[in-house]
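Numbering (the UniProt record's numbering), first residue to last: 1 to 113.
Just so you know, the hints here were simulated from the structure itself, not pulled from any lab data.
This one's a predicted model, so the numbers in the text were calculated from it and none came from an experiment.
No false leads were mixed into what you were given.
Below, simulated BS3-like cross-link-like pairs (lysine-lysine); rule was C-alpha separation at most 27 Å, straight line:
id : residue 1 : residue 2
1  : K24       : K36
2  : K72       : K20
3  : K96       : K8
4  : K13       : K66
5  : K20       : K95
6  : K95       : K106
7  : K106      : K20
8  : K84       : K96
9  : K106      : K24
10 : K96       : K66
11 : K84       : K95
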Amino acid sequence: MELAMDEKVFGCKFGYGFLKEINKRYSVERGGMQLKLGVGAIVSNLLLSDVDTLFEVLLIANMTEKPRMTVKFLEDYVEQNGTKNLFEEVIDELKKSEYTGMMTSKMLEEAQA
Numbered sequence: 001m002e003l004a005m006d007e008k009v010f011g012c013k014f015g016y017g018f019l020k021e022i023n024k025r026y027s028v029e030r031g032g033m034q035l036k037l038g039v040g041a042i043v044s045n046l047l048l049s050d051v052d053t054l055f056e057v058l059l060i061a062n063m064t065e066k067p068r069m070t071v072k073f074l075e076d077y078v079e080q081n082g083t084k085n086l087f088e089e090v091i092d093e094l095k096k097s098e099y100t101g102m103m104t105s106k107m108l109e110e111a112q113a
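Please put together the full structure from these sequences, using the hints given.
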């Protein structure tokens, strides 16, 4: 996935590195066991149109890419383009990824039920 504006282009990858970082940020320990809630938490928040989560997901997906995306770029991008299509695009990318696709699809099915 790429975000482009004013001749700036930023790549975002939703691969294994993305999954590890999301799980690291969104995990809890229960009874000595580490519960990795990353994909579930971000998909839930994205479905609720949480812009803070949207920015966090895009910044993490860009962590392994060059050039590095900034919050300022995302703010400007949203001001110019809005968020509706961006939420849809990120959810589509999460569905396509081998690392997040199955769980994302299951959560979307449950949300529609």
